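Residue numbers (our numbering), protein chains in the order written: chain U, 25 to 172; chain E, 25 to 172.
Possibly wrong hints are sitting among the right ones.
Same chains, same names: a pair is fine if it fits in one copy or spans any two.
[Unchecked claim] Only pairs whose alpha carbons sit at most 30 Å apart, straight line, appear in this in silico DSSO-like list of lysine-lysine:
#1 Lys-170 with Lys-49
#2 Lys-100 with Lys-49
#3 Lys-49 with Lys-97
#4 Lys-96 with Lys-49
#5 Lys-110 with Lys-97
#6 Lys-110 with Lys-96
#7 Lys-110 with Lys-100
#8 Lys-110 with Lys-170
#9 Lys-170 with Lys-96
Rather than coming from a laboratory, the hints here were simulated on the basis of the structure. Treat the numbers as computed from the prediction; the structure is a model and nothing was measured.
There are 2 protein chains.
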Amino acid sequence: MSTSFADPTALSHADLEEGTLFAPKFDAHGLVTAVAQEAGSNRVLMVAHMNAEALRLTIETGEVHYYSRSRKKLWKKGESSGEIQKLVEMRTDCDQDVVLLLVEQTGRGAACHTGRKSCFYRIVEDTETLRQSGEARLFDPAEVYKVQ
Amino acid sequence: MSTSFADPTALSHADLEEGTLFAPKFDAHGLVTAVAQEAGSNRVLMVAHMNAEALRLTIETGEVHYYSRSRKKLWKKGESSGEIQKLVEMRTDCDQDVVLLLVEQTGRGAACHTGRKSCFYRIVEDTETLRQSGEARLFDPAEVYKVQ
Numbered sequence: 025m026s027t028s029f030a031d032p033t034a035l036s037h038a039d040l041e042e043g044t045l046f047a048p049k050f051d052a053h054g055l056v057t058a059v060a061q062e063a064g065s066n067r068v069l070m071v072a073h074m075n076a077e078a079l080r081l082t083i084e085t086g087e088v089h090y091y092s093r094s095r096k097k098l099w100k101k102g103e104s105s106g107e108i109q110k111l112v113e114m115r116t117d118c119d120q121d122v123v124l125l126l127v128e129q130t131g132r133g134a135a136c137h138t139g140r141k142s143c144f145y146r147i148v149e150d151t152e153t154l155r156q157s158g159e160a161r162l163f164d165p166a167e168v169y170k171v172q
Numbered sequence: 025m026s027t028s029f030a031d032p033t034a035l036s037h038a039d040l041e042e043g044t045l046f047a048p049k050f051d052a053h054g055l056v057t058a059v060a061q062e063a064g065s066n067r068v069l070m071v072a073h074m075n076a077e078a079l080r081l082t083i084e085t086g087e088v089h090y091y092s093r094s095r096k097k098l099w100k101k102g103e104s105s106g107e108i109q110k111l112v113e114m115r116t117d118c119d120q121d122v123v124l125l126l127v128e129q130t131g132r133g134a135a136c137h138t139g140r141k142s143c144f145y146r147i148v149e150d151t152e153t154l155r156q157s158g159e160a161r162l163f164d165p166a167e168v169y170k171v172q
């Protein structure tokens with residue numbers, strides 16, 4: 025399967041920002057940043073990365089795929105946990121180096137590997153201190169990721 | 025002014041993910057990803073980066089500062105356009121390499137340099153095609169950024 029996309033460096037600044045050709049600007053590691061937002065609430069669930077293959081699979085299958093920088097491999101969200109993300113809408117930003125995903129978070133509704141709905145379960149109080157927001161765990165990670 | 029934060033590599037995995045010490049994990053370029061969301065609507069306005077100085081200034085002044093990778097300098101959001109972002113709440117994610125900002129977008133309410141509220145004004149239709157979401161321009165960038 026081809027994973028090639030249009031080349032953003034071949035576009036004028038105006039075409040990149042105002043045009044209708046999708047030309048994602050992958051970084052030096054071949055990745056774009058992906059922000060997943062829960063459809064309905066608009067809560068930000070997680071921020072991760074996609075390589076070209078993950079981006080194409082997400083668009084073509086409607087199920088969200090990322091690229092794991094730590095495991096250095098394609099990662100279908102929910103493949104271990106069952107917490108599949110169904111794509112409702114994808115947007116890109118002015119310079120096309122970020123994709124914003126509106127998703128339906130299936131399974132127990134937990135996007136975070138800690139078992140919480142969102143990875144953003146701590147509030148920055150000051151330059152040294154975090155405060156738990158009180159976000160409930162929807163699953164027990166020790167139970168779900170038994171292989172780890 | 026010191027811009028040092030706690031060192032995430034000195035923390036255990038459990039402390040990094042579940043603890044209350046803020047230890048932002050800056051990347052090889054000294055940056056964390058910052059996602060700005062509009063308070064109230066929860067719309068994602070923009071995605072940018074912060075170095076330690078930008079992060080500290082944002083926390084200490086309550087006005088959002090980023091680091092411009094293209095201009096290679098600290099960038100107080102709105103310094104040219106007047107579109108200051110007032111910080112309502114900051115969160116970080118499980119591995120502390122992203123900050124999520126809930127902001128009040130002041131000025132004309134446009135976070136994007138194109139004059140639109142959000143940078144995410146185009147919908148990805150398929151692997152080649154974008155569609156304008158119809159987001160209105162709240163200012164004329166040619167008028168606002170006269171120096172450029």
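Hints, verified against the model:
1. For a Cα distance limit of 30 Å, the shortest separation of Lys-170 from Lys-49 across copies, 27 Å, qualifies, whereas the shortest one inside one copy, 36 Å, does not.
2. When the C-alpha separation of Lys-100 and Lys-49 is checked against a cutoff of 30 Å, the pair qualifies both within a copy, at 21 Å, and between copies, at 24 Å.
3. Proximity of Lys-49 and Lys-97 under a CA criterion of 30 Å is satisfied in both settings, with 20 Å inside one chain copy and 21 Å between copies.
4. Taking identical chains as interchangeable, the C-alpha atoms of Lys-96 and Lys-49 lie at most 30 Å apart whether they share a chain (20 Å) or sit on different chains (19 Å).
5. Taking the shortest Cα distances, Lys-110 and Lys-97 sit within 30 Å of each other inside one copy (20 Å), while across copies they are farther apart (38 Å).
6. Proximity of Lys-110 to Lys-96 under the C-alpha cut-off of 30 Å is restricted to the intra-copy arrangement: shortest distance 23 Å within a copy versus 37 Å between copies.
7. In this homomeric assembly, Lys-110 and Lys-100 come within 30 Å of each other (Cα to Cα) only inside a single copy, at 11 Å, whereas the closest approach across copies is 36 Å.
8. Taking identical chains as interchangeable, the C-alpha atoms of Lys-110 and Lys-170 lie at most 30 Å apart only when both belong to the same chain, with a minimum of 24 Å there against 43 Å between chains.
9. Taking the shortest alpha-carbon separations for Lys-170 and Lys-96, only the intra-copy value of 20 Å comes in at or below 30 Å, while the best inter-copy value is 44 Å.
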